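**Student:** Sequence:
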Amino acid sequence: MSLSTCSACGSTVCNPAGSDLDSIVPGATPWTLMRCQQLATTNEVPNSAEVAFARDLISRTSVRLTSLDDEILALEDRLEHLKAKRAKLFKYHSDNVSVLSPLRRMPFELLAEIFSWSLPSRQKRGDASSVERSPWILARICSRWRQVAVSTPSLWSTIKAIYGVAGVPQLAMIRTQVERARRSLKICFHGSENVDSSSQLELFQFLSEHSAQWEVLNMQLTTALVPLLGTLRGRLPSLRKLILDWDKAESQVGVDSIKCFETAPSLRDVSIQPRGPGVRFIPVPFPSHQLTTYRLIGPWETHQRILQMAPNLVEARLVVLCDNAAVWPVPSSLTITLPHLERLHVTRVEALNYLRAPKLAELGVWIKEPGSLITTLDAFLLRSSCTPYRLCVEGLPHAPTTAEILEKYAFFTSLTIIYGFKGSRAVAGLDGHLTMLDRGDHPVLPHLTEISFGSLSRNIPVDYPLFLKMLQSRRRTVGPSALTSAAFINLKGLEPDAVTLAGLNDLSRDGLRLVLGSHVAAKSTFKRWTLSVGS
Numbered sequence: 001m002s003l004s005t006c007s008a009c010g011s012t013v014c015n016p017a018g019s020d021l022d023s024i025v026p027g028a029t030p031w032t033l034m035r036c037q038q039l040a041t042t043n044e045v046p047n048s049a050e051v052a053f054a055r056d057l058i059s060r061t062s063v064r065l066t067s068l069d070d071e072i073l074a075l076e077d078r079l080e081h082l083k084a085k086r087a088k089l090f091k092y093h094s095d096n097v098s099v100l101s102p103l104r105r106m107p108f109e110l111l112a113e114i115f116s117w118s119l120p121s122r123q124k125r126g127d128a129s130s131v132e133r134s135p136w137i138l139a140r141i142c143s144r145w146r147q148v149a150v151s152t153p154s155l156w157s158t159i160k161a162i163y164g165v166a167g168v169p170q171l172a173m174i175r176t177q178v179e180r181a182r183r184s185l186k187i188c189f190h191g192s193e194n195v196d197s198s199s200q201l202e203l204f205q206f207l208s209e210h211s212a213q214w215e216v217l218n219m220q221l222t223t224a225l226v227p228l229l230g231t232l233r234g235r236l237p238s239l240r241k242l243i244l245d246w247d248k249a250e251s252q253v254g255v256d257s258i259k260c261f262e263t264a265p266s267l268r269d270v271s272i273q274p275r276g277p278g279v280r281f282i283p284v285p286f287p288s289h290q291l292t293t294y295r296l297i298g299p300w301e302t303h304q305r306i307l308q309m310a311p312n313l314v315e316a317r318l319v320v321l322c323d324n325a326a327v328w329p330v331p332s333s334l335t336i337t338l339p340h341l342e343r344l345h346v347t348r349v350e351a352l353n354y355l356r357a358p359k360l361a362e363l364g365v366w367i368k369e370p371g372s373l374i375t376t377l378d379a380f381l382l383r384s385s386c387t388p389y390r391l392c393v394e395g396l397p398h399a400p401t402t403a404e405i406l407e408k409y410a411f412f413t414s415l416t417i418i419y420g421f422k423g424s425r426a427v428a429g430l431d432g433h434l435t436m437l438d439r440g441d442h443p444v445l446p447h448l449t450e451i452s453f454g455s456l457s458r459n460i461p462v463d464y465p466l467f468l469k470m471l472q473s474r475r476r477t478v479g480p481s482a483l484t485s486a487a488f489i490n491l492k493g494l495e496p497d498a499v500t501l502a503g504l505n506d507l508s509r510d511g512l513r514l515v516l517g518s519h520v521a522a523k524s525t526f527k528r529w530t531l532s533v534g535s
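Under my numbering, think of the first position of the sequence shown as 1, with each following residue one higher.
Keep in mind the hints are simulated off the structure, nothing from the lab. These numbers come from a predicted model, not from an experiment. The C-beta atom is built at its ideal place from N, Cα and C for all residues, glycine as well. Treat the hints with care, since some could be wrong.
[Claimed, not checked] Subject to a maximum C-alpha distance of 20 Å in a straight line, what follows is the list of computed SDA-like cross-link-like pairs (lysine to any residue):
hint, residue 1, residue 2
1, 368, 399
2, 359, 376
3, 241, 228
[As the list claims (entries may be wrong)] Pairwise CB distance ranges (calculated):
hint, residue 1, residue 2, range
4, 499, 93, 19 to 27 Å
5, 289, 257, 15 to 23 Å
6, 514, 146, 55 to 63 Å
7, 407, 141, 40 to 48 Å
8, 172, 485, 41 to 49 Å
9, 145, 370, 39 to 47 Å
10, 497, 172, 47 to 55 Å
11, 508, 144, 48 to 56 Å
12, 409, 461, 30 to 38 Å
13, 461, 93, 52 to 60 Å
14, 231, 331, 23 to 31 Å
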């Protein structure tokens with residue numbers, strides 16, 4: 001677009017086509033062009049001369065438009081031709097760059113190790129059979145990756161069959177996995193009463209044919225699956241780890257005990273912790289003398305009998321089933337000594353009256369009322385002559401009691417507090433611990449190196465500002481701060497406000513190892529703290 005001045009009246013005239021229009025309509029005056037523009041924007045009737053000029057202009061511009069369209073089409077053809085040449089050259093370039101890729105020269109063993117890190121650590125239930133997940137997708141990238149993936153048995157050793165949800169593996173895929181896994185299998189088989197049992201029985205019977213290769217069995221039992229366990233007796237030479245649960249209470253109808261694991265010569269790790277509503281304790285004999293790890297929900301008499309035959313235990317979680325008013329047996333003079341036990345978590349503090357653990361490093365207790373906690377703990381520590389560094393108190397911890405224990409036993413340098421209840425008492429207890437650990441510029445218990453808090457209830461508000469204030473007070477001590485690690489884990493998913501988060505980030509940059517988490521991360525952390533299944 002260009003501007004010109006009318007010689008007759010001095011007004012400015014807009015020439016929309018500029019010099020190109022001058023070549024189309026030679027000799028046209030600015031006034032004539034302005035008049036054409038006025039007619040185009042109004043409903044005014046043109047005179048005969050203006051009609052003749054417009055027709056001539058239309059004819060001439062039509063010719064020019066056709067010419068321009070031809071030029072544009074030629075340029076577009078040229079552009080497409082250049083794009084095609086560039087795409088071809090780019091592919092040729094990329095292909096040659098890939099020739100120099102370090103992946104081509106990466107040793108087989110290193111590539112297999114990288115592949116192992118791609119395996120899902122907590123595979124989603126609905127994705128159990130997805131060919132888009134590792135390791136299946138690794139075998140679809142290229143021939144070399146397929147060779148490495150198929151030739152690495154450990155990538156295929158974990159077999160998951162989770163019934164009652166989408167994505168249950170097909171038998172054909174399981175057959176392929178077993179073939180590629182070769183010697184070692186880790187079986188996760190969760191049966192469901194809500195799914196037709198025929199497919200479950202068919203798959204489990206196939207897996208049972210390879211029971212000699214089982215190293216891990218994580219199984220959720222149903223009425224139909226229980227009878228098949230009897231066929232495993234004497235056929236589990238490699239089984240190292242056992243996790244048993246029940247789908248629901250009706251799955252236990254007619255079952256008095258499960259006898260097939262007591263002859264497993266390699267069994268070292270046993271977890272039997274059914275948690276469903278109405279699920280009862282059912283005895284499952286196993287070779288106690290072999291165990292190094294043991295987690296069980298059962299009556300104290302069962303725990304006591306097993307512990308007496310398990311001198312090699314390194315880790316134990318004792319969930320004791322008994323009424324709060326139940327009378328515990330009088331401790332005998334023959335205390336159960338666990339010479340190698342390093343990690344212990346008990347849901348009834350009374351269990352400590354029967355134990356001696358000279359090498360204990362981590363101790364966890366579940367309490368609702370302080371009661372005789374200190375007295376029982378005193379006797380246990382004196383009897384064991386141990387100096388554990390970590391104390392985990394779960395349930396409804398009492399801040400003054402916690403402070404008394406830590407002041408009396410300075411060898412506890414790592415403290416974990418987990419609230420498993422909701423309501424005002426839990427909120428007050430949590431705030432009480434945060435306040436107790438904060439004494440301005442002179443914090444109590446200055447020897448603590450790790451402080452962790454957790455909430456199992458979704459209804460406990462998290463006072464992050466108070467948590468921050470406590471940490472800041474401990475980091476302001478004269479000289480190097482003892483505190484090196486802190487955590488606050490909750491299931492509700494509450495996040496700190498912006499100001500508090502900025503303060504926590506400052507502490508992290510100052511060298512404090514800080515962990516905040518919720519949901520899935522919270523569950524895995526709680527399992528680690530309480531020595532539960534999956535820790």
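**Student:** Now tell me, hint by hint, if it's right for this structure.
**Tutor:** Hints and how they fare:
The hinted pair formed by residue 368 and residue 399 meets the criterion: a straight-line CA distance of about 12 Å does not exceed 20 Å. The straight-line distance between the Cα atoms of residue 359 and residue 376 is roughly 18 Å, inside the 20 Å bound, and the hint therefore holds. In summary, the hint linking residue 241 to residue 228 is supported, as the alpha carbons are separated by about 19 Å, within the 20 Å threshold. Hint check: residue 499 to residue 93, Cβ distance near 52 Å, so the stated range 19 to 27 Å is violated.
Take residue 289 and residue 257: their Cβ atoms lie about 19 Å apart, and the range 15 to 23 Å holds. Checked against the hint of 55 to 63 Å, the pair residue 514 and residue 146 fails, with Cβ atoms roughly 43 Å apart. For residue 407 and residue 141, the Cβ-Cβ distance of about 59 Å falls outside the hinted range of 40 to 48 Å, so the restraint is violated. The hinted range of 41 to 49 Å is satisfied by residue 172 and residue 485, whose Cβ atoms lie roughly 48 Å apart.
The beta-carbon spacing between residue 145 and residue 370, approximately 59 Å, falls outside the hinted interval of 39 to 47 Å. The beta-carbon spacing between residue 497 and residue 172, approximately 53 Å, falls within the hinted interval of 47 to 55 Å. At about 42 Å, the CB distance of residue 508 to residue 144 disagrees with the hint of 48 to 56 Å. The beta-carbon spacing between residue 409 and residue 461, approximately 31 Å, falls within the hinted interval of 30 to 38 Å.
Distance hint for residue 461 and residue 93: a CB-CB separation of about 59 Å, consistent with the stated range 52 to 60 Å. A C-beta distance of roughly 42 Å is found between residue 231 and residue 331, which places it outside the suggested range of 23 to 31 Å.
Of the numbered hints listed earlier, those contradicted by the structure are 4, 6, 7, 9, 11 and 14.
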